[in-house]
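Q: Chains as they are written, first to last, in this note's numbering: chain A, 576 to 1087; chain B, 90 to 438.
These are computed hints drawn from the structure, not numbers from a lab.
Every residue, glycine too, gets a C-beta built ideally from N, C-alpha and C.
Take these hints with a grain of salt, some might be off.
Heads up, incomplete: computed chain B residues facing chain A, CB under 7 Å, no partners named [as the list claims (entries may be wrong)]:
no., residue
1, Gln303
2, Arg305
3, Thr307
Chain A stretches covered by chain B per the calculated footprint, using a threshold of three residues with CB under 8 Å from any CB of chain B [unchecked claim]:
no., segment
4, 878-887
5, 911-924
6, 928-941
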Amino acid sequence: MTVETGAQGTVLRLTDITKRFGALTANDAVSFHLDRGEVVALLGENGAGKTTLMNILFGQYTADDGSVELFGHPLPPGNSRAALDAGVGMVHQHFTLADNLSVLDNIVLGTQSLWRMRADRAAARAKIEQLAQDFGLAVVADAKVGTLSVGERQRVEILKALYRDARILILDEPTAVLTPQETDALFVTLREMVARGLSVIFISHKLHEVMAIANRVVVLRHGKVVGAVETAVTDRHKLAELMVGAEVKPPVVRASKPGPALMRLNGVSTPAQGNTPGLDHADLELRAGQIVGIAGVSGNGQAALAGLLAGTERPSDGDMDIHGLHPQDWSPRTAMAAGIARIPEDRHKTGSIADFTLTENAILEGFDKPPFARGGWMSWRAARDFAANVILKYDVRCPGPETRIRLLSGGNMQKLILGRALETKPQVILANQPVRGLDIGAITFVHGQLLAARDRGAAVLLISEDLDEVMALSDVIHVLYEGQISPPFARGSMTAAQLGVWMAGGGAQDAA
Amino acid sequence: MRLEPIANPTLARTLGYPLLALIATVVIGSLLAMLAGANPFGVLGLILQGAAGSKFAILETLNRATPLIFTGLAVAVAFRAKLWNIGAEAQLYAGAVMTALIGTGALPWPSAALWPLMIVAAMLAGALVLLGPALLKVRFGVDEVVTTLLFNFVVLLFVSYLLEGPLKDPMGMGWPQSARLIPDARLPRIATGLRLHWGFGIALISALVVWVIQSRTTLGYAMRAVGLNRQAAEFAGIPVGRVILKTALLSGGLAALAGFSEVAGLKGNLTLDISPGFGYTGIIVAMLALLNPIGVVVSAIFVAGVFVGADSMSRAAGVPTYIADIMLASSLLTMVLAISLTRVRVRWR
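With the rest of the complex left out, here is chain B (with noise of 0.2 Å):
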């Protein structure tokens, strides 16, 4: 077997390929549901109606992709410089502490000056998450992969601690959770009576500032060469080491929006599931979009869509849930596969 690459595939390979992809991971979705007992042909309008068949889904899809386009975003640019960014759900977590800090009551303010200290307190917390890990890879050659993960545990731990300790509710009947956000730092919604929050606009607005930031600023292009090729990023004097550091801080401080958005948005107070593994799933939000910052909005939206829409299938066709979590990793395994073949051929000998 053999790869060959494509120069310029034509738009039925760019489109096909993806398209193929879906297919396949409805497929496999349905003959999943026949396993579990359920009627195979139906499920594919289950998905669909129960991630965009009404209003209420629609922006239930939204509000599930919010958190994911913020760490998607954090790890596409944090890949894009060669920084294997795996820590974001910690930086995630440090975001929604400050929030929640800040939030409680702590500084009785306006919501306009309560939102801007929160945002940016939230993103100086995840950027220092981040750079501790980066000055070890820098300064050391330790490998960020490794002590990026590991510090997802360490935070969430420590998360725990607070909230069994200095932030835990008083009047929270003993479970472990902050107190509830004042009304002043809580995140409006975008209309009265739906769900979705301005968190939202925020993260489409974040990927626009890092789409901007990549390709009309000389850091963007000083990420990208290191990212593409260290070795000449050096030998032309861009200075590699600071650049991994920024691309750091960047990356931690949109992942920590995540936090902020999740806690001033939707939930309200800090608990310890406010994560379901945004910060991994954002490196599969960020692969799917090819690191791309707008590629993350539809990637996220559609990674959400499966999610929102998978569970809704499973409740409405009596389906264990986990069949949700298997059509995500499928699609996400055949989207890579396909996104590979639009631009390689595959010759068979």
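Only chain A is shown next, with the shape it has when bound in the complex (with noise of 0.2 Å):
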């Protein structure tokens, strides 16, 4: 095979990429290059511009100004076909499967003929297993992609991008979904790829990973190339500072003095949602003053346990206790007047309307209830008393109480749903996902103000696919597989590849 390269084996370069939306600029002269056979990591913030990058590059976006050339050649900007033809390959974070079909035919749609599709299996078939046993990529052809896990989807992903020969794959926050193995075995095949002479981009705002696979790391920062370094010659204190712009302090945490149990789950379980399991017989216990930290790849019952918390879930099996009551009619309405705050996963589609204003938002769980209303009328002064104190308090920057929601940032938006739930002094704090997709500064201060509560002795239940996040915080940790809820572990009783065997379902084996 031979790969047609620019000078000195650049396969890919970007010169002064500039991108405005109005009056954001959301790529500022970005340069950088991609050389045959190494990994250079794109790091930044959420929207720092990496995607707005990828799209250019994919045209999806046409750029204001710069060029790109892509081994050797100039790409036409704006044509979407362009830069898949020349070998680029993609591998999303949310991936383009189709359930119902098997790996094969997943892998080859839409490369073949309509009319041929038969008598070219035979030969994409050898094709593709060649591919997985090049690069370790182990699946069964003929599965269905429906019953594969995530890893395993990923895997097919990355097949399908090599299928259609491509020399230059790029990964947009490939790990998010994956268990600490799994990103070890992600790494093999990433290696394994650049030492054939292909080229990786990988999208990641993980330093320890961009430090683990990258040969060169580009950081951008609000739109601006602000550092392109050797991870040779740096570290991860150095990136996170080029990253947030800023020295970046891991959050403070004191020990927890856990105070009596405010809410336990006894061998509850809930129904499964189609593919996604409920709880199995799962047993949990919140503690006052605590922060108990739920881990595990997603789609493995945190969406049954996070309901079960809101009142939109309730147990088919099992005994649910809340300071001692055994509510029967459990509903969102019951589960807030028993004193739990929901902070939930999808702040867009869930946790807020986004044409509302912030001050509707902000009353959406108390709107009928003194002091927004009473006797059936709105009292919209103290609607927008309580927005403006929401809004001052939890640092939400946004031009007005009266601004509709869908022009914040996800992190503002996510500091009003905080604030919404927070000032109700609740006892027992769902969060789920809390800080997903919001950058460094909304991390900390949702974080900080999760331990605040937990040292005014709240129960804080954590749900989130980040682990590093989870041990960072929790003072307990539960890790969630298939439903099922592993014993407890105390801070710092696990190492991070520990937990990752429970979160692949070997916990309870090994154990025994």
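Both chains are sitting in their own frames, so use the hints and assemble them into the complex.
A: Right under this line is the structure:
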């Protein structure tokens, strides 16, 4: 196989890419290059311009200025097929696979003529098996994609790109859904790929992964390249500083003073929702002044557990106990009345109403109770005062309380939801993926608020896919796998690798 | 082609595009009139004259706007909560039937007692007609577009049966119509000698009431929340099913008032043709008003003006009356497009 390359083996060169959206400059004269046989990490917070840059490469957007050169040839702007045809493959964070088709069909889909599909299948199968063997991407060609785990699906996505003879592979936040062990396996594959002369762009905001896999790191901040460094001559702290533009301090977690149990689940089960399992005889204890973290790959019953606390889900079996009460009529209303504050996983779809103003969103959970309403009549003055208070106290950056919330960034939206929940002085706090997609400033703020609530004596349940986050904040960690909750692990008693074994379902056997 | 949303449209944009839409409508109408053999340049003048050129014309337009305000409000209320009520026509007839039942002499009461009774009874009947589809939607997830649409035919056929049977006017020379309402049951005219009746006043009051409900009450807040994001509303503990049922009651009741006002105010008896599709035109009215209850009044008067004006124009210019229908349809399409364009910018690549 010969690869056409430009000068010094450069396969991709972006020169002075600028893209403006109205007043916002998403990419400001961004330049970097990718050589044959190397992994370049694109590091930056949410909104730093990583996605815009990739959209320009794939012709979704046309750059206002600058040029892209691929394998020594200029790339025509605004052509969504050009990059794909030239041999650039992309694995998105959210997979683009058809659940009801086999692995083989998913991989060949769109590459073959509709008329001759049968005849080419044997050749396609042979090619896939060869690729799988070369790169350590074990998959069963005839398995239905719907039955695969997240890690397996990602391998199918990578195979899909390789099958199309990609010479450059772009991975967008590939480790977000993987266990530590699966991440290691992915890295083995990536190293094999670069050893064979392919090139990889690795988009991430996780510093230790970037340090582990990349040869070079290009750091983006506010649309500008603020640094391009070899991983050999830098470290995590310097990268973090580059990325955020200020020194980053990890959260200071003081020892917890656990109080009485506020909520208990005893052998609680919930029905499965389609492919995702419900809880399976789960035992859990939430104590005052303690953060309980739930680690695990998403889709293992997190939704059911969160729904149970939020009041949208009811136990089908087992016993739920909230300050000694056993609620019969369990609903969002009764959950809130029992002192549970809820921070939902999806702040856009469940946490807020996009076309409502900040004021209207701030009172969403209590709009029909005093002081916001009396006898069916709204008191907008009280609502505005409350919203203004939340905006001030929780540092929600916005033009004002009458702004529609859709115009806010994710971080500011989350701060409003957080403030709305915490202002009720809750005894139990459900925080489901509370910082997903937020920038470091917002993450620090949200974590600080959760810790402060803990120190005030609230019981916090933290559900997160990010193992680092769970390990940093939680006083007690449980791992959720296929609806089963592991025994509690005290802070610091388990390493990430040990928790990873539990996340992959191997914990109970090894312990036995 | 790309659409980019505009956060804060300028005043020029907000007013300019709807104005362009009006001009486009007039141009289309003029071209059609020319095809039909009339002088295209007089069309605009004839329409304006027909819709608002005299006291008579203005009152005629307002009279025509009255049922459209009611059905427009009914649709606006329902659509706000994403309850797709396509059955305002059925609810209108339900209200008309109740008005005829009570008002034709069954209860020889004075006006002060009859009017409230007829209003309440009509609203209840309309509310019940929409309650069925709403319950099916909430309980079983049955698509209300289908059920409310089909109910229109069921109710219309039922009214046809009533007018051929129990409600048939014995003195009606065999026509399918009810007896006339007793004088005490009739809505008086706003001023003597004018054809405009108090139904228009009730329509304005209704619009105001709906506006107050939507902006000042917890029910209105819940309706908007359910309509904008049902999932978030459910998560926040809003009883979505109950809110949809309440919305249905209000919407059906408002549509029924159109039937009440046409029978008690304009016509004086129930016939099968009291509504030339006011229920459906109400959807146009509500959409043009962006579901705003005060906007419904304006857009109902606009739509009625196009109807009345184009009607009068077609008679004066000697062109078919269908041109009026086409003009209304094109005014809707261009206006909807214009209203979208005030909020997004189109980028051609």
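Q: If any of the earlier hints don't hold here, list their numbers in rising order.
A: Number 1 only.
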